[in-house]
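S.K.: From just these sequences and the hints, can you work out the full model?
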Amino acid sequence: MTGRTRTPRPSSSLALVAGLWTACVACPAAASDTPTGGGARRDQRDESTAGEADADPPGADRVETPSDADPEGADAEEAGDADAGPPDGEPSFGATTSPRDPDDEPSFGATAEVARRLPSANGLDPTAAGTRVDLRARTAAGENVVDVLPELPGSQLQSLGGMGAFAGLGLRGGDASQTEVVLDDLPIHDIDDGAFDFSLLPLDAFHAIEVYRGGAPAALNVAPMGGVVRLIPASVLGTRMVLRGNAGSYLTGGGSLEVGLRRGNVEVLALAGARGSRSNYPYLDDGNTRFDYTDDVRRRVRNAEALDTSTFFHVRAQQGEWVLRAVLLTITRDAGVPGPLSAPSLQTERLQTQLRGVLGVSRSWEGRAQPRLSLQGILGGRRNRFEDRLGEIGSGPHDTDDRSRSWRARSTLTLSPADALDTTLVLDAAGYRYDPEDAASRFEEPTSRRETVAGTLELHAHGGRGGRLWSLRPSVRVQGSFGHTEELRLGRIQSHTARSALPTFRVGAAFSPLGALSITASVFRGARLPTQLELFGDRAMVRENPELRPETGMGGDLGLLLQTTGDVLCARLELRGHARRDEDLIRARRTSQSQSVFENVASAWVAGLESSGDLQVGQHLQVTGMLSYLYSRDTLGNALPYRARTTAFLRAQLGTGRLRSGVVGTLYADVRHQGRLYADAANLVAIPARVWLGVGARVTYRGLELALSVRDLRNRAGSDVLGYALPGRRVAVSAVYTKEWE
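Counting in our numbering, the sequence shown runs from 2 upward without gaps.
Hint data in this document are derived by calculation from the structure and do not stem from the laboratory.
Glycine included, every Cβ here is placed at the ideal spot set by N, Cα and C.
One thing to keep in mind: the hints can contain errors.
Across the chosen pairs, the derived CB separations fall in these ranges [stated by the list, open to error]:
no., residue 1, residue 2, range
1, ARG588, ALA653, 26 to 36 Å
2, VAL618, LEU460, 21 to 31 Å
3, ALA441, ARG590, 22 to 32 Å
4, TRP408, LEU655, 20 to 30 Å
5, LEU668, ASP420, 28 to 38 Å
6, PRO341, VAL672, 40 to 50 Å
7, ASP420, ARG590, 51 to 61 Å
8, HIS621, LEU460, 41 to 51 Å
9, LEU426, GLU367, 17 to 27 Å
10, SER604, ASP420, 21 to 31 Å
11, THR657, SER412, 27 to 37 Å
12, TYR632, ARG550, 25 to 35 Å
13, ALA522, ARG677, 23 to 33 Å
M.R.: Dropping the structure here:
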């Protein structure tokens, strides 16, 4: 980065369902002819693989099909495992509760054929408030993960601009730092890195996204305050090659190459991609005079060019009763940092590199208690170079080269000691080390590390009689954390430590009186540990406070899920109410020495309603939408900043079905609404409500797909965060070519 001249870089559906396609995954009349955005992603499983995938792992919830001639045996068999996720749940490294169908990755073990399940909108726990978005069947051109997240109920996106800009996600009134992120079922977000940046994620590396609001399933072994985003890694859909390319406004463009291979019991998926943008979109500069319109000028964002590259590998192999899976994900971003529009920076740059590797083995045994064991590990590395030699951002010049390393080891054991009882025990240990370096500083930067151990125990009681199914899932989690930092001060090495023990819990329940209806309820306690920066400061602008307590939240929800599937009609409707009380919120306070110190000073409560739904009529009409209402208050009676009271999304798609020529065409239109929100705790500065419109089309012929999308049709732009403008109207085109082999 040093000593080089930056030049502008040339570049980088209608969702079949914005909520969860699992609710109506099996409309047989439409399944084969529906266009599959992303390269005609039709699963080419062979018969043996399909048979294996049709089975449930030990401990998964199941009810075996009773004989029509034996009505007395029906009740007895329905008393078996009643609780299960949707039949299209993706496999996880250590998941013990994900059922599967022939169209998905084979499960680690097989025990019974499922005929009656608790209705569910996610792949892990029917008692949880989870929603799934299938990324294998998207219609819009040039999409990324940030475009998908606003379709989920209870979500609040916080983006600082166009491509290359930070984008965080808050759930159910939580801050973006209170959202956990897991890859399959292993956390990939280190708390000390702050809020997770979803703009870094390559969309093609994942087959689905599941978002759990409130308490999380025990299998994930996390205790979030806001919720969890679960990324389902892409898996092999047959021996094939996929070429993707896209281009769009503001010199945006990109492409990727995907290769999948299946030979016997070994499957390999490799993907490499790049995308870039100049991001020089226009915005209104008000000259920092909000109420004086005479000096307003239209300008273009400068120093916002970005180039992202990524690679993804996924390997699955089976040897006897053992199954091995490995994932490697690398991400790099080289981008300018435009800063707030009121004080733009023209020379500041950032180079980010992230690497994560996951290895997991699993085995299940027949016989008493049907034990299943999985062992998993993840290694991660992160490098963040930030060059601001002119001091355009912050308090002075910086030339940093910060590095962090993390590791995590996990074991999961599931037992089924009785037909109506399963137990799951998850134990893991993790470590994180942070080594900062600033060439522009006269002092040596302090290093820090954190070690944590955590365990979750869940008892899962379930059963059913007369067609009525129920499930009860109490779980408890305990986490211990040890934080440590060292720095050279006054010629001596000084150490600071912080220890904490954090118990949390969750109780989830579900009852299904009818095959298409499920009533759910849960209560939980979540927490967020303070970061190393909040605990130990940075020796400059932030003072240390090792006595900080974790943020905690106690909440619950009540929900209703209605779903039906058929040859022509598939529908899902989800309604939920929720409330949460947060304590010991960590906030920064300015000190007399012109520094900031983080303290436990605030509490708040949030409550709201969430609804989402999907409708598919044959091959010709698909509608998906969500509507969320949030009411938040702090101790002074003010609304929490950057929490919109209302958010909504609606998308409708019309399709031709497969014509005689083999062509499949689709048209879509969508609308997204975000209500007014406040940019400050005193509710003095408001960001007005906004509505974005989008339209697009896709044509599929054999292995070729062409798509066109127009986003923000009315050019409303606006901002999610005060001082950072979003791009307005923009056009994207994409082409996907798929070649498949038997």
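S.K.: Confirm or reject each hint.
M.R.: Tested hints:
A hinted range of 26 to 36 Å is violated for the C-beta pair ARG588 and ALA653, which are about 43 Å apart. For VAL618 and LEU460, the Cβ-Cβ distance of about 42 Å falls outside the hinted range of 21 to 31 Å, so the restraint is violated. Our hint of 22 to 32 Å for ALA441 and ARG590 holds, since their Cβ atoms are close to 27 Å apart. The hinted range of 20 to 30 Å is not satisfied by TRP408 and LEU655, whose Cβ atoms lie roughly 50 Å apart.
As the Cβ distance of LEU668 to ASP420 is approximately 50 Å, the hint placing it in 28 to 38 Å is violated. As the Cβ distance of PRO341 to VAL672 is approximately 29 Å, the hint placing it in 40 to 50 Å is violated. Checked against the given bound of 51 to 61 Å, the beta carbons of ASP420 and ARG590, roughly 56 Å apart, stay inside it. HIS621 and LEU460 have their C-beta atoms about 46 Å apart, which keeps the hinted 41 to 51 Å range intact.
For the pair LEU426 and GLU367, the supplied restraint of 17 to 27 Å holds, since their beta-carbon distance comes to about 20 Å. Between SER604 and ASP420 the CB atoms are about 45 Å apart, so this pair departs from the stated range of 21 to 31 Å. A beta carbon spacing of about 51 Å between THR657 and SER412 contradicts the range 27 to 37 Å that was offered as a hint. In this structure the supplied range 25 to 35 Å holds for TYR632 paired with ARG550, their Cβ-Cβ distance being about 26 Å.
Between ALA522 and ARG677, the C-beta spacing of about 31 Å keeps the proposed range 23 to 33 Å intact.
In this structure, the hints that do not hold are numbers 1, 2, 4, 5, 6, 10 and 11, in rising order.
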